[in-house]
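Peer 1: Fit chain V to the given chain E structure using the hints.
Protein chains in written order, with my numbering: chain E, 1 to 471; chain V, 1 to 164.
Worth flagging that the hints you see were computed from the coordinates, not collected in a lab. Any given hint could be a false lead.
[What the hints assert, rightly or not] Some, not all, of what chain E presents toward chain V, calculated at C-beta under 7 Å:
| hint | residue |
| --- | --- |
| 1 | Glu101 |
| 2 | Glu142 |
| 3 | Glu199 |
| 4 | Ser262 |
| 5 | Gly263 |
From the three backbone atoms N, C-alpha and C, an ideal C-beta is built for every residue, glycine too.
Single-letter residue listing:
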Amino acid sequence: MSKANAINYKKGKEPHAREYRLVFKNVDRKGWDPGIDCYLQDGGYRELKKALLMDPVDITEDVKKSGLRGRGGAGFPTGVKWGFIPPNNTKPVYLICNADESEPGTFKDRYIIHQDPHQLLEGMIISCFATGANLAYIYIREEFPEGARILEKAIEECHQKGFLGKNILKSKFDLEIFVHRGAGAYICGEETGLIESLEGKRPYPRIKPPYFPAALGLYMCPTIVNNVESLCNVKHIIAMGGDAFAKLGTARNTGTRVLCVSGDVVNPGYFEVEVGHITMGELIHDLCGGLKPGRKLKAVIPGGSSAKVLRAGEKFKIKKGDQEIEIGIEDIPMDFDTLMACGSMAGSGGVIVIDDSRKASWILNNINEFYAHESCGQCTPCREGSLWMKKITDRITRGEASPDDVETLESVAFNIDGKTICAFGEACAWPTESFVAKFREEFLADTSEKYDDAILNPETELAAAHLSSET
Amino acid sequence: MNVPKEIEAEIDERITHYPVSKRSAALPVLHSLQEHFGYVTEEAVEWVAAKLDLEPINILELVTFYPGFRQSAPGKYHIRVCRTLSCAMEGSYELMEKLCQEAKIDRSEVSHHHPIAVSEDGKFSIEFAECLASCGTGPVCLVNDDFHEAVEPAKADKLLKQYD
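Extracted from the complex, chain E is given alone in its bound form (with noise of 0.2 Å):
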């Protein structure tokens, strides 16, 4: 049963009987809108004044026992995260929300931001407050123009009630939240790119170590970045304890996620439901209407474009218990650690269903465009790469390719992987890796022998064919 029973939710867009809303609680609510008095109506800051009277000490440990792990994307616990900070620190410390969703196939930050900005800021104050930070930026993707005008609407807000500013409810506690707009470069997404952007250089990601920028962040001071879904998680866990929002969920894999499909299902859609309590199949049969008519379903990425796609009828060993046991994709459990079991991982919660109407090389060639137009151009194997990936899925799809392409293809997406300064390498060459692995001879059935000397002899008219996505 749905715990949101009690909340009216607008026609059609009501929660799923599955549904554990939490986060998404006031996401197509009835008679909700984003303004101050709203959320406080419905009992909005009442988790920051309990913070506020807390010792900042015991607000980590909670979040660390609610086992918390990020959502946008690594699942890195945010507990552990925020103790990252020195101990013996002085110098000041920052906190930074990561609004920069991008992921191919995420789409949740949108609605918090949008309808509930509030929950967003409450969740942010409370962790700044915890992790000693008073000045915090919520780094917001460019393209969410009224997202940015809605936040900060509500920062001026939360001055007006004194939620923000000096001395917050008398708490002796400062802070001051600003909203920065990137520009359109998924890059940012990574932390440390992020930082350098809000440092207002190019987001070339940092060399690690240090690993976190919990060590050494923005302006070379310990700083904590958070995904907005995760921020307003903290929120929940002040008002529940750690130790029960441990109990949603399963053990390791805790609380509520997000879950984002889209693609060939019948009602693409989000849906929040604890983390590891519902299945592949489950997600796609019962939450969203199962697929198109006649249909079959192909393959899934289970989370974000990079995450390495799963096969249809391909087969998963998972350990249960103390047992490992076979599985097929429908039966895989919404969770990080059995997704990671399965090769793949649970990511952004950005789920897209592929049916057998689709070609595999088309779907790698779009998601391999996007990684070559977002490669940051920093480390040379990821800069080249990630074009190269792209022009040879371009020629496979054109019908213009050799065989030997796809070994090729295959090749160049190993060489990134694992050479480069940030994840951005991993993100580009899972998906090529993966598609090539489970589809291959698809891949092949595409490509023909006689373009085999194409680059050999570049004066023949097949060669001009070939290559004619090279210039």
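Peer 2: Same frame as chain E, now just chain V:
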């Protein structure tokens, strides 16, 4: 270059959001100028650099890197159609084609470095954008700051008519 007083006042206020380093205000200042002038001119690059006590190259390298900044004039209404996977599966390429037909825009000269095409009358300009983060309601597009979702390619003309 004449930056109106109210725009400069807004810019000066934005700079105060970055008490540690004025350089951090580079993107916000560029946004303010682009919103006003439609694109970022060479003069604007120099103006921002002077404003933030930087060299023009520190600003130019941002304008050339970030896809959100334009170096040439867009149309009165600038359209960004999401190109990425979920929208493409719902027909964003067809939407792009229809919008170009209806608005009389020729995209044949478009390239990575010049992604924007403008209609003959200068009313509309268009480009593909990468994932606009509304994958469940594709195809989607932005017209200036207005967000449009589930835009059927066949109804491209209706979308444009809203901007007559």
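Peer 1: Look at each hint and say if it fits the structure.
Peer 2: Going through the hints against the structure:
1. Glu101: 5 Å, holds
2. Glu142: 4 Å, holds
3. Glu199: With Cβ-Cβ at 6 Å, under 7 Å, it holds.
4. Ser262: 4 Å, holds
5. Gly263: Holds, about 6 Å.
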